Amino acid sequence: MLRTLILACALIGTAFAGDPSTLVLDGSTTVGPIAKAFAEYYMQNNPDVNITVSESGSGNGAKSIVNGTCDIANMSRFMKHEEFKAATDAGRMPTAHVVAMDGIAVVVHPANPVKDLTVDKIRDIYTGAITNWKDIGGPNKKIIVVSRDTNSGTYETFETLVMNKQKMAGSVEYVGSNGAARQRVQSTDAAIGYVGLGFVDNTVKAVTVNGVAATPQTVASGTYAVARPLFMFTNGYPKLGSHLHAFVTLHLTAKGQEMVEGIGFVPVTAY
Amino acid sequence: MTSEARGTDRTIDPRPPRSLLLSRSASRWARIAAATGQGLLFLVTAFSAASILFIFYFIIRDALPFFQLRGITEFLTTKDWYPSGTPPHFGALAIFFGSGLVTLGAVVVAVPMGIAAAVCLSDVLPFTLRQAVKPVIEILAAIPSVAYGFFALVVLAPMLQSHGGPVLAVAAWCVGTPLVLLMSVVAGDLAASRFTGARTRILRYALTVALAMLGGFGLWRLGAELRGLDIDSGTNALNVSLILGIMALPTIVSVSEDALQATGRDLREGSYALGATRAETIVKVIIPAASSGILAAVILGVMRAIGETMVVWMASGNAAQIPDPWYNVLQPVRTLTATIAGDMGEADHVMGSARYHVLFAMAAGLLLISFLCNLASEHVRRRTLRGIEGT
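Same order as they appear, the protein sequences are chains A and B.
Here the first sequence is numbered in this note's numbering, starting from 1 and rising by one per residue.
Here the second sequence is numbered in this note's numbering, starting from 1001 and rising by one per residue.
Worth double-checking, as some hints may not be accurate.
Claimed, not checked - Facing chain B, according to a computed beta carbon distance under 10 Å, are these residues of chain A, among others:
no. : residue
1   : Val145
2   : Asn151
3   : Ser187
4   : Ala190
5   : Ala191
Calculated from the structure, these hints are not laboratory results.
These numbers were taken from a predicted model, which means no experiment stands behind them.
In this text, a Cβ means the ideal position worked out from N, Cα and C, and glycines have one as well.
From just these sequences and the hints, can you work out the full model?
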């Protein structure tokens, strides 16, 4: 009895001892898959480390790092000025680690003959200036425009990189996740949508943007127009040698790059 | 036996009758225990009432800053919804309209079906069958709303897009055929009964057949019209209305069936004794007698539909627009609940922004609507109770 008690105490002791062997990650649903793959790999090699990954959106990730409720905030955009200020006001120093590159692919139904769109054309579709596929070399069909919800980092990046401060039309449909956006496009032959490069599969067709296909090389080198870095934010630079440090530098290892590629994102080193 | 019983009575009698309240001679401990028990019960009861007040307080507290920041005119009279834009626009008119439209659609789907099912359960089906069917209908209420939403998004939406017209036409026929038959029989009957004479029977048949053919022609035209329809987007108000209607069904069926049952056997037997048929009894006696209960059921169903979030978030398309024309349920709409759920994450509390508070303004609007619905159903219930006591 006494022995089990001591054992339990020892276990609890190690769980809360100096070097945190529990890592809490929160934030973007886009970065989520990377974080989950990293977490699985890391926990396999370090059985004493426990890592939890939540996906509640980049905004919530930033809130968590401001409130100190997570060790790593996954974000698909850089912190906003207000968020950064709130963090420093709370005595925290958000430090960015770019773990991968993400291209936003503009996807249409596989049966759609349209192959290439310019950023201007995409913007016109989303503002409602172009409403029929026949105006851009497609069939005579009304375009069903699908966007991510305004709560997502993907929306924010698309808005920044494509919309150029113009407003989306009232008829644009909003969906709550990359998967739902892909699902809507693959089941609707007149739909156009946008998803992270990692979510493109053969059920949808990614169009080339300004003549450049969304590939890892074009995204990493920046020739593809709709691309962005993906971040993990920590509070200050993690102590060297800590689990946190090993975790946020995992993407620099060969295995880490392999995992990033496996999920469909682009390693930062893919030049 | 009787004498023995009386004997035991007499043995109890000598003790003074126990009062329900504590007697004057009760000990102090008994009084303290009673007071504690009562106090505890009161606290538990007060807690649920207080939590409602707290919800009102907190929602309104966070809603007011929005009106201070942006005023009320833009919120209620414009339909530009760009909460993340620079500058942002917070016109919620289209969103209020979307909530209203899908709720109206759900009512159109659920109310006739729900009342018909309730009548069938309470007055048509044999007792044993009813015992089996009612729980099955109530299972509908136990299915999580995300499952409904998934079905709406993955099954119903693509089906509406690829075969929308034919599906609608078949649905119209399924609903219309029995309706037309029933109406033509009843209308033929009523019309024929105005004429007296030897040929009433033939006249009745002729009228019924003529009316049925007329109705059939109308249905055929409607079907042809619907079949030609091309639905651009399957995630629209119709899709959500259908699903919300099905979700509101168990509430409506269950509560109206209880109301129909509560009218009692006397009323039915009285009606039959006066020579009424079963149809006449149901339509002219039972349903009017249970009307307030049915109305309460409908209001509860409406509240279920208007407050539902997951299904509308997944399958309504979430486009903040008023369809053109306004009754076009084949266009995507956005509802209050979906907007609150979808915009919560990024709406930054740190900034105390209008974008954050506008969601509370919407929540306050929703709360007000369901509060009014609740008041209405309570009012209806009270009025009926008074009516029953009066007779």
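For each hint, the structure was consulted:
Contact between Val145(A) and chain B, as hinted, is supported at the beta carbon level, the nearest pair being about 9 Å apart and thus within 10 Å. The restraint placing Asn151(A) at the interface with chain B holds, with a minimum CB-CB distance near 4 Å, inside the 10 Å limit. Because the beta carbon of Ser187(A) sits about 4 Å from the nearest beta carbon in chain B, less than 10 Å, this interface hint is met. The closest approach between the C-beta of Ala190(A) and any C-beta of chain B is roughly 7 Å, which is under the 10 Å cut-off, so the hint is satisfied.
Interface hint at Ala191(A): satisfied, since its Cβ lies 8 Å from the closest Cβ of chain B, which is below the 10 Å cut-off.
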